[in-house]
Amino acid sequence: MPAFIDTPNTTIDSEFLVISGWVAGPTAAATMVTVNGIAIGHRAVERPDVRDALSGFAYTSGVIAMADLRHLAPARHLDIMISINQDRERQQVEVSEALHRRWVDDAAMRTSARAFCKARLRCPSCRSDRLDHGTGAITCRACGAIFPQTGSAFNMISVPLAMEANIVATENVSANPYTPAVLDLIGRVTNAGGVVLDCGAGSRPQRTTGVINVEIVDYASTDVLAIGEALPFADNSFDAAISLAVLEHVRDPFKCAQELLRVVKPGGELLVDVPFLQPVHGFPHHYYNMSAQGLANLFAGHSEVLSCTVPPHGHPIFGVQWLLRDYLAGLPAAVAPGFGAMTVDELVALDVPAFLGDARAHGLDQEGQSPIACLNSLHKLPFCRVPLASTAAIRMPVAPAAAGADRIDHAAGQGNPKTEDEQCGAAADQHG
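Throughout the sequence shown, residue numbering follows my numbering, covering 8 to 439 in sequence.
Quick caveat, the hints were computed from the structure, so don't treat them as lab data.
Be aware that a few hints might be false.
[To be verified] Here are the simulated distance ranges between beta carbons:
1. L363 / A36: 53 to 63 Å
2. N243 / H293: 29 to 39 Å
3. G326 / D352: 13 to 23 Å
4. N243 / T216: 37 to 47 Å
5. H309 / T17: 50 to 60 Å
6. H84 / A341: 19 to 29 Å
7. E96 / Q156: 31 to 41 Å
The beta-carbon is built from N, C-alpha and C at its ideal position, and this holds for glycine as well.
Working from the sequences, and respecting the hints, build out all of it.
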């Protein structure tokens with residue numbers, strides 16, 4: 008059963024490797040892609056050219072694999088293999104000198120970051136420092152929490168914490184560059200020998216000395232997997248912290264803000280960016296946007312707010328463009344050109360209630376409206392809160408036979424007590 012590697016076939020000079028090839032055989036079978044002996048995730052793709060050229064095979068498929076080399080140990084060359092059953096295709100390609108230097112530097116920074124983190128790791132569930140670092144898991148001796156270790160980063164997200172934070176698998180990749188203000192803060196702190204926490208770092212194209220990257224996804228640049236509401240570090244571990252376009256994605260931004268304050272040393276700095284007028288951009292969840300007042304209120308009473316301003320990358324024109332782009336993209340193809348041809352003056356002068364009857368408004372369905380809605384409306388039936396009779400204690404008159412003694416009878420103690428669900432149903436019947 009043949010296999011073939013199309014690319015790469017020249018010297019590698021980027022950390023981000025794309026492997027393409029194909030396999031063929033009499034029947035479909037499991038395919039494996041490895042780089043230097045390490046299995047790499049891949050996907051099957053249509054390859055009509057292979058199917059037509061190898062029409063004698065019942066099964067043909069293209070293979071695409073992508074890898075970040077920083078997950079692997081530095082090497083001078085890459086041994087790439089695509090295999091299917093017993094058939095293997097191997098190809099060896101050289102690594103450029105520049106890439107090898109970057110790769111070695113990245114590995115050294117990762118080792119340094121791991122040592123820093125290990126000395127300060129605490130159980131995110133109970134904050135104990137009694138952690139056992141086993142080969143397959145970190146276990147808290149204080150509360151019994153278990154943190155499976157399967158990747159290159161410290162995983163400090165237990166199953167209960169993942170459920171609490173509503174973490175789900177996603178193919179979205181967060182990769183925002185550092186702004187000048189962030190680079191200035193990092194430079195000032197690290198040049199003085201300090202360490203900066205990047206909470207919700209995303210995928211960084213390269214590591215920065217003195218910066219610890221915390222994420223919920225094990226990117227090649229991630230040092231610690233953790234949720235913002237329960238950071239797994241000792242108090243006063245960092246000289247500064249940054250959190251860029253993260254707090255809108257956490258379920259409890261107030262708790263996350265308090266955690267950032269907890270792990271930063273007194274006198275340290277925080278730099279936090281949160282969107283205000285932006286469409287929903289889930290990663291995969293998007294819970295809260297914040298005004299300047301809302302953002303400042305997250306940290307009120309616990310720190311001195313040096314400033315809360317609109318940076319260049321937060322200029323309103325970005326929001327205006329984003330909202331209009333998403334509005335236009337959500338309209339049916341037959342209607343979109345009519346909306347796209349409207350001028351700003353025409354939009355501003357609209358009689359909006361009347362315009363709702365126009366196809367350029369009602370053509371935007373609920374799915375298209377939701378990410379850019381002016382307002383959201385929730386209709387929910389509250390949980391039943393009818394007090395149970397057993398919670399009401401009544402002092403009864405003293406019976407003659409028990410003169411001189413006090414007695415308390417409970418209404419629910421007479422006969423078979425009703426469950427809360429039964430009483431909720433009875434209350435609903437009374438109000439129905």
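Hints and how they fare:
1. Range check, L363 to A36: Cβ separation about 56 Å, and the 53 to 63 Å hint holds.
2. Separated by about 31 Å at the C-beta atoms, N243 and H293 satisfy the suggested range of 29 to 39 Å.
3. About 19 Å separates the C-beta atoms of G326 and D352, a value consistent with the hinted range of 13 to 23 Å.
4. For N243 paired with T216, a C-beta distance near 21 Å fails the hint of 37 to 47 Å.
5. Separated by about 55 Å at the C-beta atoms, H309 and T17 satisfy the suggested range of 50 to 60 Å.
6. Distance hint for H84 and A341: a CB-CB separation of about 55 Å, inconsistent with the stated range 19 to 29 Å.
7. Under the hint 31 to 41 Å, the C-beta atoms of E96 and Q156, about 33 Å apart, fit the expected range.
In summary, the numbered hints that this structure violates are 4 and 6.
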